[in-house]
Amino acid sequence: MKSQKTKKTIKTIKIDVDKCNGCRACEMICSAFHAEPKYSSNNPARSRIRIIREPLRDLYIPVYAGEYAVAECAGRDKYTIDGKEYDECSFCRASCPSRDEFKEPDSGLPLKCDMCEGEQEPLCVKWCMHDALLLEEREEEVDEPEPEDEQEELEIGLEALADKYGLEKVKDAMARISKKD
Amino acid sequence: MRYAETGFNLEVDLTRGNIEKVATDPKDTELYLGGLGTNAKILWDRVPPEVEAFSPENLLIFAAGLLCGTPAIGCNRTIVTTISPQTKLMAFSMMGGFLAPELKYAGYDKVILRGKSPSLVYLWINNDKVEIRDAAHLKGKGAIETAEIIRKELKQPKAQVAAIGMAGENRVFYASIEQGRSSASRGGIGAVMGDKGVKAIVVRGTQDINVAQPEAFMELTNEVMDYIQFRNDNPIPGVMPILAGLGSPQEMKVHDEKWHTENFNWGNSRTRRKGFWTDEIALEWMETLDNARTRLISCYNCPMTCGATISMPGLPTYMMKCFTKLTYTMAAYSDLDFGLRIAQRATEYGLDGFSAPQVMAFALELLENGILTDDDFPEMPADTEGRFYYLLDKIVRREGIGDILANGTYWAAKEIGNGAEDYAHNNIKKHEQLPLKLSMLNPIYYLMYCTGEKINITQIEGQFPQAPYPKKEHREAFVKDWHQVPDDKFKQYFVDWNPRGENSMPFYPTVDMCCDIVDWQEMMHYIDDALGQCAGLSSFPLKPPYHIHNYPKFISAGAGIEMDEDSLSKAAKRYRTLVRAINIRRGMRRKDETPPENHWKKRFPELEKELLDTYYKFKGWNHDGIPTKASLHELGLDYVGEDFVKRGILTVNEDVPSEEATA
Ligand code: SF4
Ligand code: SF4
Ligand code: SF4
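Chains as they are written, first to last, in our numbering: chain X, 1 to 181; chain F, 1 to 663.
Okay, chain F solo, but in the shape it has when bound (with noise of 0.2 Å):
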């Protein structure tokens, strides 16, 4: 019998219409743990380089963590694995709600799809039986519409639905796939289910999931609970607001956007507004929210509440999380009226609430520059908000230069050319970032900027405090009941740092303690991610209930396998490291790793490289970013070094072909 996890993966080949139920390898779970690990073996394995990400060769996997739909609170992630039309790399991006657990119950690890259909289709699983139907009439629907539509003509309210609304059917490179009050937006996911011709998958599921070990599991899962209870009734003093308690950052939840408001950009990224925030828009922000919010709702078994249902008047109900709250407000240069209702129609489109805004600002930016010219935009309207709507048509139509925004701030700038690339100023690796422009370098920041393979910046901090407590005091008192650090000397950083003199940003914490910090951080996102477990309850937030020291428990007594903490670490690193060897098997490299230029006013270029090579070398990577041959022995990874080898990303007997020492 297999625990936590069912054993079976469904694969579906949309160009023939063929689907079968396959078992998986119970060693590969051993190895890989599940959810991004496993999809990462599946990816290594399956999806050579030269595929492109609208090849049907590509693959698009919906995986439920390894103890999705165990008691295990808040474990509810569907992580979303395909290659990106974006960024060419790997994408993993993921949701939570509810698909993910109801996928278990229906007796699946993962959907793995591949090919194309010829015509609009919807997946509709329900047990052992599953259908590829009919998705014509839902052409051009939105997201949440389309799940409505289909629970009613399947009669299943319950079933669970993730689709993908115009953005994705027309392929937007930063489309998202929508579900209910969850999204899986990072990437470009939603273009490559639009690609497949995969409107929705429609999942009801009504059978057991084991666990290894009742009772240990139960008490660790008790523990959490009252963990919780705990960090709810005792927030972290000394920070603000979203960083204090649990949960995803809880923007439905919190009115005073102060900090957001003051110290991310506007715009394209551009401009900071210290002094936005007045008494007179904090009231009328307040009221809006208020307003517009029905209700704060969670993710399956989780008591965060961390979305809302959001009803602005005139417009059809739909449901928000996290940051998106802002994005276009700021982008637009608007208020929270704006922001909520354009929200309303970009999630219907299913569209990336970090990418969508900040491309309608840069064409604004590039008309307003004279880059664009009024012919590229036939009847705009005048006002930036009438813009913003009217881009938003645009892009998702791919209708005249909608069509070109719709590759996002890299491709586009560099198809307009002209000098536009200045304006796609604010990426990672293709990729838009959050619109955060900062003074002084942060070491720990510059790395994980770099070197974060998920591309966004919030998918691999977490944990260890964003700055020092000015006393020493209050950093003695934080670290006193610290028990998630994997070892007691993260204590000891934290103790000795000061915001300013000695011990001070940006030469402390010194460049080993960034390894170890940024390693540490990177690890637990990682080990979210296999298991499916909420970052808000696990790597984002400081003092989270789950950790390095219960997670192996959670592992042995859910799905039965002997884990502890070495052997989960080294299980993490072996995935982590897949994920490296996918994308550097595309092509990236040490020049893709690197913040945006102007993240940072003030730079410490010898700092920064110094930084670079020793986390590279921490990790087991060489001058170029590249896993070594024994490294990779190291982790059982020998048919990647192989691999390199046999493809001259490696020699047989050095680790860097000469020509690349350099680079």
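In isolation and in its complexed conformation, chain X is listed as follows (with noise of 0.2 Å):
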């Protein structure tokens, strides 16, 4: 793989926690936009945008699926704001084992906000219309190699899979599935 310069569109939701009323369309809305075929079903548990909502202490927190996490880490974090405590790993992106966020319901795979490739705004965003989420575009330059987003796909797919049923059944299964074909 080489490095190249590649002019690259750096793309930002900005998040505004104060104008969140919780009403969790975000999740519905990316569920479907991702659904085979395209919003032929929804399930807010398929969500690569979540939604921590606790009224009662006023937390409501809309987080992105991020990269996924092998293991759980060691060291956690608690934040308090404004006189408000939220849970520990309230504000991180992973799908880790620690938790069932970003993952889908059945089969554990880890989810990943990809902006919804191929829109012209992220789904969350447009239909969140209290405007917590906005889009805020630029260009930069950046000295990457191009991503093989394909093969990561899948590898982290398998890894997770493996994480999940141990590597040893994965392949096993593997197995089974190349004889069937």
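Hints may contain errors.
Just the calculated beta-carbon pair ranges, DEER-fashion [to be verified]:
no.: 1; chain 1: F; residue 1: I19; chain 2: X; residue 2: S98; range: 52 to 60 Å
no.: 2; chain 1: X; residue 1: I61; chain 2: F; residue 2: D128; range: 26 to 34 Å
no.: 3; chain 1: F; residue 1: D128; chain 2: X; residue 2: A175; range: 26 to 34 Å
no.: 4; chain 1: F; residue 1: P237; chain 2: X; residue 2: E121; range: 41 to 49 Å
no.: 5; chain 1: F; residue 1: L438; chain 2: X; residue 2: D100; range: 49 to 57 Å
no.: 6; chain 1: X; residue 1: K78; chain 2: F; residue 2: G275; range: 36 to 44 Å
no.: 7; chain 1: X; residue 1: D172; chain 2: F; residue 2: V22; range: 33 to 41 Å
Treat the hints as calculated values from the structure; they're not laboratory data.
Every residue, glycine too, gets a C-beta built ideally from N, C-alpha and C.
Using the hints, put the two standalone chains together into the complex.
Laid out in structure tokens, this is it:
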């Protein structure tokens, strides 16, 4: 893989937790957009954005799915902001073994926000009519190898399956599947 | 594959502790849609009129509307249906929030409870795993508190909880079911839940909900979103603020309460206080609300933020919406600070915010007038506010006089006797109404008050403006982009409507026009209640995003059922008639269909009779309000007609048995 200078658009979603009303429209539409075929079903448990919503403590945190983590981390954070105490891991984007967030409910495969590839605007931003989520774009020159997206995705998926079921079982299953074909 | 719905109900026999997942008949969805419609069918089939509210044979049904869990914005209603202990008729209160979509994602359209649990339990539905769990440790706990405890003990922060408080446990006839920011309050359904020994229903679901035609469905949904944006940017001019925009009445946002405080009645729906709303009070109430309100919050998949979290200094946080903001305040002749404080306790107890304050004001009126005496209220404080807290506690515990008051003003008055009936003056069909007394008969509202079977005016009104604009040019401007009307004639009705002189109330809109208008308004509410759509984006406000022209498309694209305006109107008429049939079988007749006698000062008995006669005929009901065999046949409800004949409600050849013809 050779390294090269590329122009890249950096997309930032600005999250204003003060504007979030906890409606979870963002979760719903994210899962619908990623359904196969598109919009044929929805299921917030498959969403790549999660609302941590605790009305009685006035906690509303939209969190985006980030990288997959093989193991849970030993050192965790617990924030207090404006007198409100947030639970451990509240702001973490990782799909990690310590929690159910950002995993497909049945397979356990990790989920990651892809900024709604191919859409004009991330769907969650569009559906958040209160502007708790806003998109900001800027161009940057980056020095970066072309990522081999698909391969990477495949490996992450397999790794997660191996973590969940054990490598041997996954191997067995793969062997069985190849025989069927 | 089933679309929009899951195709399964959860049947729970509480007596035996038996739980079953039962597939439903897709044919029923075509005929009765879902939510209220299919609830009515189940109630008709399985709860005969001899079954009383607190009988193990009574059912308590929690239904997610047909389109709940799809991307349809604001479609999140749980329709709770049972027999009401207060009215002894069908109760079908609804709540927004998050429960209905969660139930769909868990794989069920309805939870149907029957029997009675021998001890207090809660139901834990986690996708395919469903358990009845002990709730002994939750006895006497507040409804909001209960939800928190359960989420913690199950380690399920995302589970949705609908719970009762002490009022439901003690079968108070106006006990509610509370669900975070929402509640199903009318008709005493919380009492039925308590009677069944169920403290809470807890749901977590992580499965898919499908739609039949994804592209078409998303296009419709996007149109709704754009129209909401348009309406938010363009409030209706010339009407009071809570009618100008969309959503449930935006009581949590509005500071200016001049209209409510000066037009609605205080105390036991007695006193109108003109000139109450001074600058000083406006400032004081604004401060109270601003300090109490932490955040405006929405229901599932809705941008309208009609609710709020309320934190009164020194009290636990709770959530509120709509008019409960003022009902305690006004019943006690107090201020907003008091209203928001006592509502916290009443919410934990789980009480209907309309009925409860009126019952308390009614009790104090009886005391004032010597019908009850000090002996009935041992150790009651001297100040009105203290008395309200005192009564609240007595009622939810059913202690002393509270035991009688817990049955609502109608039944309490009967039991107390001695002229107490005159003080239970604000009921329809034994159920407390909005504290509103007006001067001249409004023919549209007359029909709605008489025939509304949800027995709450807010659940039948909407769409058509409550009053005409003074100037014709304004009325013409209003109808220009009024595409929600089912027929253009409604535009003409409105344009020709004058506040005074020719074409003014009570003789205009004419009787026939009133029938059209009321029928349309009611139909939209019934459609909402089957689909699970919040009235706040549909049947309640002026110019809503959902209407009779896009609903059939939503149903076709969502549920995959062929539907056009005619077939949808017919389906709505079908289950609306079935609701009436259930109530007719329980004894409801024309004599029960009347507004509180003092609702209007100026009445027009002849006109009123003509209105009701004509409307009954228009609806396909006979002189006594009973659906005729012909109209039942047309709706495919012959089984209802046969049952009516068997029970002697209708005769074989004529529709009205001779002895009832003159009722
Ligand atoms: S759509 Fe916006 S307001 Fe609603 S939960 Fe998501 S971030 Fe919050
Ligand atoms: S940007 Fe797209 S993929 Fe990412 S969370 Fe939002 S809707 Fe989901
Ligand atoms: S309009 Fe208001 S009450 Fe209705 S669903 Fe939306 S937030 Fe809830």
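Results for each hint:
no. : hint                        : verdict
1   : F/I19 - X/S98: 52 to 60 Å   : violated, 32 Å
2   : X/I61 - F/D128: 26 to 34 Å  : holds, 30 Å
3   : F/D128 - X/A175: 26 to 34 Å : holds, 30 Å
4   : F/P237 - X/E121: 41 to 49 Å : violated, 32 Å
5   : F/L438 - X/D100: 49 to 57 Å : holds, 55 Å
6   : X/K78 - F/G275: 36 to 44 Å  : violated, 54 Å
7   : X/D172 - F/V22: 33 to 41 Å  : holds, 37 Å
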